[in-house]
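*Asks:* Single-letter residue listing:
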Amino acid sequence: MADTEKKKVIKPIKNFSMEEYISSGHRACQGCAEVLAVRHVLKAIGPDMIMAMATGCMEIISSPYPLTSWNIPWIHVAFENAAAVASGVESGLKALRRKGRIPNKDVTIVAMGGDGGTTDIGFQALSGMIERGHKVIYVCVDNEAYMNTGIQRSSSTPIGATTTTSPTGKLEPEGKSTWKKDMVAIAAAHGIPYTATACPTFFTDLQKKIQKAKEVNGPSYIHILSVCPTGWRVPPNKAIEYGQLAVDTGVFPLYEVENGAWKLNRKPKELKPVSDYFKGQGRYRHLDERFTQQIQDKVTERWNKLVELCSEKPEK
Amino acid sequence: MTKPMEQISWQEIEAGGVITEPGNASCYHTGTWRSQKPKYDENACIRCWRCYVMCPDAVISPDLEKNIFVWNYDYCKGCGICAYECPAKAIVMEED
Chain A
1 MADTEKKKVI KPIKNFSMEE YISSGHRACQ GCAEVLAVRH VLKAIGPDMI
51 MAMATGCMEI ISSPYPLTSW NIPWIHVAFE NAAAVASGVE SGLKALRRKG
101 RIPNKDVTIV AMGGDGGTTD IGFQALSGMI ERGHKVIYVC VDNEAYMNTG
151 IQRSSSTPIG ATTTTSPTGK LEPEGKSTWK KDMVAIAAAH GIPYTATACP
201 TFFTDLQKKI QKAKEVNGPS YIHILSVCPT GWRVPPNKAI EYGQLAVDTG
251 VFPLYEVENG AWKLNRKPKE LKPVSDYFKG QGRYRHLDER FTQQIQDKVT
301 ERWNKLVELC SEKPEK
Chain B
1 MTKPMEQISW QEIEAGGVIT EPGNASCYHT GTWRSQKPKY DENACIRCWR
51 CYVMCPDAVI SPDLEKNIFV WNYDYCKGCG ICAYECPAKA IVMEED
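As they're listed, the protein sequences go chains A and B. Residue 128 in the numbering used here sits at position 128 of the first sequence, and the numbers go up by one each step. Residue 30 in the numbering used here sits at position 30 of the second sequence, and the numbers go up by one each step.
Please keep in mind that the hints were generated in silico from the structure rather than gathered at the bench. A couple of the hints might just be wrong.
Stated by the list, open to error - Each computed EDC-like pair below joins lysine to aspartate or glutamate, with the alpha-carbon atoms no more than 16 Å apart: (1) A:8 / B:65; (2) A:214 / A:106; (3) A:8 / B:42; (4) A:94 / A:106; (5) A:8 / B:41; (6) A:11 / B:63.
What the hints assert, rightly or not - Some, not all, of what chain B presents toward chain A, calculated at C-beta under 10 Å: (7) 23; (8) 34; (9) 46; (10) 52; (11) 54; (12) 67.
Stated by the list, open to error - Okay, the calculated bits of chain A under chain B, using three or more residues with CB under 8 Å as the criterion: (13) 10-18; (14) 31-39; (15) 66-78; (16) 87-93.
Where is the CB? At the ideal position from N, CA and C, for every residue including glycine.
Construct the entire structure; sequences and hints are all you get.
*Replies:* In structure tokens:
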């Protein structure tokens, strides 16, 4: 009896900040996993940060003028230039520090964008930022379509998903017919020190990756899959579960690339079939067995390729 | 805490779209959106923090003195993540 009593005392949670940097009162939909991802990212970085955010879901829900949900210095910029503004902030701080106008304190610069602001519209600014080598963490919160304007396809929308601009019909029964853009591989191809994928369902992994990115001397890119109950047509209470399924089916594997070395962070013993992940999602409702099998084959192929990449030892 | 959004007049707004008070969106209570309300059973709760960690609206906080978790119903949107994710089934959603 005494044992069970002991178990039921709230113990302080380890390595987890109790501060909230995005305050309650934001207008995110019920069960939004994207704002949960942002909450964990901010907790991992701490108060000494400046954020530049591209237009997108996270911007419109958090800053209905003249209100703001942010408890940190935050600037809203247009869709295409979050990375460019973050580079400017970083360079500006460097210059001010050199002139002795501000105290020499470590400030983390973060640029954040949705999948539209990263993979489509802000792509060249991101590539430029990475190439110039600014010490900025770029976080992409990927909900796989332009959700804030009403679910339009982006280049990050996965194959087979219906959106309002890639509907299923007679000519294209599969919905979106092209594969999702592999942003982490593109970022890694720039030869940057750190890039990774994450998911708020695995929050310790997410926070660890953000802290790693913070320590790195140079640009880093974190791609976070965040379930959107409204756009994916799932019930709001299952947002966390679908994140888990995406990882366990191999649709969105968790891995990191550190100085050219690939590493898998979560390797299920056996991948679940992708149909487990598709089941219950309204955006995949039209998929028949043939399409599901085609997608399954490609997912398995990509997974095997990734496992191979991760088992290679980097050349020294 | 600042005034509600509809009481702020244009004369009080800073130039250049600058907002000087951090986190003032909390004057807006998103709890009014709710149709279902989480009900917490402290006897079944195993104090694992999962609801606190997974809440997108950050409305759950620990009350260390009373040894329970408390919900801030001013902001809880009633998404049901806490009830669905609870490993001990200590949270149930009921009509509000």
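*Asks:* So, against the hints stated earlier in the document, which numbers end up violated here?
*Replies:* As far as the earlier hints go, only 16 is violated by this structure.
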